[in-house]
Each structure stands twice: as structure tokens, then as C-alpha cells.
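Working from the sequences, and respecting the hints, build out all of it.
Here are the chains, one letter per residue:
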Amino acid sequence: MTLFGYRIPMMASLIVWALVWEIVGRMDVIFLIPPMSAILAAGVDLVQTNSWQNATWVTIRSFVIGMALAIGIGVPLGVMMGRVKIIDNIFGLWVNIFVSAPLSALVPVLMILFGMGEATIVVTVFLFAVWIIVLDARAGVMQVPPSLIDMARSYGASQATIMRKIILVSALPEILAGIRIGVIRGVKGVVIGQILVAVIGYGELFELYSRSFDMERFWALTLVLFAAAMVLSALVENAEKRIEYYAGAR
Amino acid sequence: MSVQALSKDEFDPASVVTSDPVVRVETISKHYGTVEALRSIDLQFERGKLTTLLGPSGCGKTTLLKIIAGLVPATSGQIVVNGRAVTGPGPERAFVFQDFALMPWATVLRNVGFGLELKGLAAAERNRIARRYIEEVGLQGFEDKYPHELSGGMRQRVGIARAFAVNADVLLLDEPFSAVDEQNRRKFQEDLLRLVEMERKTFIFVTHSIEEAVYVSDRIVLLSPRPGRVSNIIDPRIDRTADPDDIRRDPGYLDVVEEIWQSLRHYAE
Ligand SMILES: Nc1ncnc2c1ncn2[C@@H]1O[C@H](COP(=O)(O)OP(=O)(O)OP(=O)(O)O)[C@@H](O)[C@H]1O
Ligand SMILES: [Mg+2]
Numbered sequence: 001m002t003l004f005g006y007r008i009p010m011m012a013s014l015i016v017w018a019l020v021w022e023i024v025g026r027m028d029v030i031f032l033i034p035p036m037s038a039i040l041a042a043g044v045d046l047v048q049t050n051s052w053q054n055a056t057w058v059t060i061r062s063f064v065i066g067m068a069l070a071i072g073i074g075v076p077l078g079v080m081m082g083r084v085k086i087i088d089n090i091f092g093l094w095v096n097i098f099v100s101a102p103l104s105a106l107v108p109v110l111m112i113l114f115g116m117g118e119a120t121i122v123v124t125v126f127l128f129a130v131w132i133i134v135l136d137a138r139a140g141v142m143q144v145p146p147s148l149i150d151m152a153r154s155y156g157a158s159q160a161t162i163m164r165k166i167i168l169v170s171a172l173p174e175i176l177a178g179i180r181i182g183v184i185r186g187v188k189g190v191v192i193g194q195i196l197v198a199v200i201g202y203g204e205l206f207e208l209y210s211r212s213f214d215m216e217r218f219w220a221l222t223l224v225l226f227a228a229a230m231v232l233s234a235l236v237e238n239a240e241k242r243i244e245y246y247a248g249a250r
Numbered sequence: 001m002s003v004q005a006l007s008k009d010e011f012d013p014a015s016v017v018t019s020d021p022v023v024r025v026e027t028i029s030k031h032y033g034t035v036e037a038l039r040s041i042d043l044q045f046e047r048g049k050l051t052t053l054l055g056p057s058g059c060g061k062t063t064l065l066k067i068i069a070g071l072v073p074a075t076s077g078q079i080v081v082n083g084r085a086v087t088g089p090g091p092e093r094a095f096v097f098q099d100f101a102l103m104p105w106a107t108v109l110r111n112v113g114f115g116l117e118l119k120g121l122a123a124a125e126r127n128r129i130a131r132r133y134i135e136e137v138g139l140q141g142f143e144d145k146y147p148h149e150l151s152g153g154m155r156q157r158v159g160i161a162r163a164f165a166v167n168a169d170v171l172l173l174d175e176p177f178s179a180v181d182e183q184n185r186r187k188f189q190e191d192l193l194r195l196v197e198m199e200r201k202t203f204i205f206v207t208h209s210i211e212e213a214v215y216v217s218d219r220i221v222l223l224s225p226r227p228g229r230v231s232n233i234i235d236p237r238i239d240r241t242a243d244p245d246d247i248r249r250d251p252g253y254l255d256v257v258e259e260i261w262q263s264l265r266h267y268a269e
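Top line first, the protein sequences correspond to chains W and V.
Quick note on full-length UniProt numbering: the first sequence kicks off at 1 and runs consecutively.
Quick note on full-length UniProt numbering: the second sequence kicks off at 1 and runs consecutively.
It is worth saying that the hints were derived from the structure and are not from the lab.
This structure is a prediction, so every number in the text was calculated from the model and none was measured.
For every residue, glycine included, the Cβ atom is placed at its ideal position computed from N, Cα and C.
A hint or two may mislead.
[Unchecked claim] Short derived list, chain V residues pointing at chain W, Cβ under 7 Å:
no., residue
1, L71
2, P89
3, G115
[Claimed, not checked] Each computed BS3-like pair below joins lysine-lysine, with the alpha-carbon atoms no more than 25 Å apart:
no., chain 1, residue 1, chain 2, residue 2
4, W, K165, V, K145
5, W, K165, V, K119
6, W, K241, V, K145
Below you can see the structure in the form of C-alpha cells.
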């Protein structure tokens, strides 16, 4: 019920804002703001176009590859930082700098390094997402009670077993929280990367629509992106909730 | 009921040789960096007996217990269990942790069977054994509950059942009852005495409560403040066939409590 207690007011306020938008749009004051109904109609139109479908495919592909790298590298690195002091000392400073750095500023450099193509987008997604994943995995591993590790050792568990049966399971809530925030940042990364590179995926479409002053499609595309980001975040949150019963109780 | 205690002047470690020492602590010293936690500890622990380590906070009781468990390496000296020198944890020793050390994501059944799981027993077999010990500590009906659904006392029973389930010869208990209220604590002490009698194992027990130590122990080892050394060994020789309340009123029992209290107070000053 808390779910609904939370969702309903959010939807209600969304509807109010959509109405305000509609009215402002109908008054025709600024060409930047077409009526909401026109945007929605353009959205229905948009998702049927070839260019949108291609752009979406490219976007999803860069996002998935970038996120897979961020999780595949970020979680093990965070876990090792939480367990091994030397590794923590080597990477700790950098991770902390990058987690709050304005990474968009790096994208032009990435373009020089990786070219004006998908590789740059993948790296951007990776760089946006990986740091928080590392930090949260590290935090999760650091909070594992030492007595649980002693307990497993006292019953003869090997280092690998301790990692698998105690440390990773115990750190799972934090690891998932990191991945959820990482996913949100990754969405930002894919959009910002594409807009800055401007020749692939949604970046190309945004470029096209804003240059031709096609504000309806421009906003429709924006809405699609917002919705996608929210759905993704809700999906990971849902996975998180499933294991929350013990995260809250430990 | 006869209660006899060695006085401090009579105490001589060499004279406390035991018939069947399962665990021998041989001149164990431990330094944590510059902190000297233990100095030259020599002790022996017999089968079927419960020995309590008692001493001021920070004197190294947990450290000694963990060295015996093989969880912490000693700086010098060695531990011999069943004739073999200890190099790490082993199946003949089981540890009961002060903070229970239960896995919050696992049910009571899985927690109790975890030692067996790590030994590689099949699920059916380990669950059968785990259920038996869950019953033995009075937790039947709670097999599918999670630790956060249990009281502190019940959680510690899970920890004790887990240690018993692996059928180790030596049980190391670090302040197992410190998170338990007074009524339950007395009940636990009775249960512990029952288990000592039934299981013929070697119990090494740490507590802060002098009364508890005198009540449950066959032997009490008093440790001095840091660096921990053996300062006295007392055999309370309580007649446990008597009623628990009578034991707690017995002058002999009270004398031992008083004697230990005096020597510990001497350290506090
Ligand atoms: N891992 C560690 N690193 C450094 N010093 C430690 C460590 N563990 C214990 N010590 C120190 O060694 C001494 C003995 O600690 P220990 O925990 O064995 O005492 P204790 O007798 O169990 O105390 P308490 O009754 O409070 O539980 C203390 O001074 C403690 O600060
Ligand atoms: Mg202690």
C-alpha cells in the first residue's frame, strides 16, 4: 500500500503539470512549447519511424554493453577494495574523485580517443556508471560483520567459499543499490554521450529535430527517455526490494 | 557439598596437571603490534570438563579463545589439541560467538546446519542433524524463522546448536549469555550444565559474571589485566545434584564467589 500511497500522488501531480503544459501550449506563446497532446501524438508517430527504431537499438546496445562493463568491472573492483587494503589505497582516491567529477566534460576527450562512434558512447556509459557501483560494493563488503567471516573460517570454509557464501550475499543489498544508481547514471551517460557526439542514436535525432525546430518530436523523444529511465530504475528497485527483508534486519 | 579452592600462594601451574588433556596451551604469547595481549599462558583442558576464563575486560580472554580456535595466530607458543599442534581452525573445535554470528539471510535450519554444509554434507542429512540440535536447544517450530524474528536468547541457542551440530570435541564459548536477560541466563546455565554432562566434550567458556563462572565451572582460570597471565586457578567443586537455588545459597559457593571477587577487585584498584 505504501507503494500506492507513493505512486498515486506522483501520477496526480504529473497529470496536473501535463494540463498546465497543454494550456500554455495552446496559448501558443512560445514555439518551444507545443501542446502536450500534440507531443503525445508526435510520440505515437515517432516510435513507428525507422529512424527512431534504429536509434533506439543503437542506444540500447551501447547502454547494455557499457553497463555490463561497469557492473562486470565495478563490482569485483569494489569487493576487492573492501577486502584488500592495498587495492583500496591504490584505487580509493581515484574512485572518489571520479564519482563526483563532471564527467560530461570528459566526453570530448573520449571522442578523440575512441572516435565519433559507438565506442565513445559505451565508454561514456561505463564512466558514468562504474564509480558508484565500485563505492557501493566496497561499502557493502566493509559492513560484513567480521564475526561472520570468523564463523565461516572456524567451520573450515575456504577463502572462495567465504567470498561466495558470506561476503557477496551479505553485501548484496549495497551492491544492488549501487547498480540501481549506476543504471540511472548510465542512462544519463548514454544520452549525454549521444548528444555530444551528435551523429549516432538519439543524439542524431535530437540534433535533427532541434535544428529543424520540430519541437513536438523533440519533446516526444525526451518523454520517451524519461519514461525509459524511470522504468529501468523501478525494475532494479524491485529486484532490490526482494532482498530487503534481511538487509533491513541485519 | 564440598567446595574447596586453592589459595593464591598454593597455586603452581605445574601442579595442575590433568589426567586427559584434550587441549594444551603451551607458553602462548600474543602481541597486537605494540600491545601485549597475552604473556606466557600455560593451561590444560580436560575432556568432559568446563573451564572458565575469567578476568578484567581487555585481559585477552577472547584473544586466547580465538588462538585456541585457530582464528588468530599466536606470537609464540603453541596449542595442542588431541595431540596435534593447531595451525588453523579444525573440525574438532567449534566456536560460539558473543554476537551470535548468524547469517541474517538464512533460516534457523540453514544457520544450524551451516557447519555441516561447509563440511559438504548433503542437504537431507544436514537438515536431519540440524533439526535434532534445534530440538535439543528448545527451538523446535522455529526452523523456518529468520534470526531477526528471534529474541537475543533464541539467537544464541541457534549459535549453540550450530556448534553442537558439527560434533566437535572442544567447544569454545565467548560470553555466550551476555545478551540474555537474567531469567533466561539462569535457564541457559542449567541447559549448559546438562549439555556438559550429556556430551562429554571439553568446554572452554568466557564470562564476565563471577556467579555464573562459579556456578557452571569445573575449573576457573583467573587472568591478570593486560598483558594477560594466569594469576590463579580455582576448582569450585560444586555438588550439582543439589537444587540450583540451594547451590546459590550455599556458603561454600558464596566463599568461592567472594574469593574471586577479592582477587579481581585487587586488580581494579
Ligand atoms: N584485532 C586486534 N588488533 C589490535 N588489538 C587487539 C585486537 N584484538 C584485541 N586487541 C587488544 O588486545 C587486548 C585483549 O583483547 P581481548 O578482546 O582478547 O580482551 P577480552 O579479555 O576478551 O576483553 P573483554 O572482556 O572486554 O571482551 C585488548 O587490549 C585489545 O584492545
Ligand atoms: Mg572478549
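Report task. With a cut-off of 25 Å on the C-alpha distance, tell me whether K241/W and K145/V pass. Result -> Distance ~19 Å between K241/W and K145/V Cα, so the pair holds.
**Report entry** Straight-line alpha-carbon gap K165/W to K145/V, limit 25 Å
**Finding:** holds (19 Å)
**Report entry** chain W contact restraint for P89/V - C-beta distance below 7 Å
**Finding:** holds (5 Å)
Query raised in the report: Do the alpha carbons of K165/W and K119/V lie within 25 Å of each other, as the hint requires?
Result: Since the Cα atoms of K165/W and K119/V sit roughly 13 Å apart, the hinted pair holds (cutoff 25 Å).
Query raised in the report: Once the shortest beta carbon distance from G115/V to chain W is found, is it less than 7 Å?
Result: holds (4 Å)
Query - L71/V as an interface hint toward chain W, with CB separation required under 7 Å - result: holds (5 Å)
Violation of the numbered hints given earlier is absent; every hint is satisfied by the structure.
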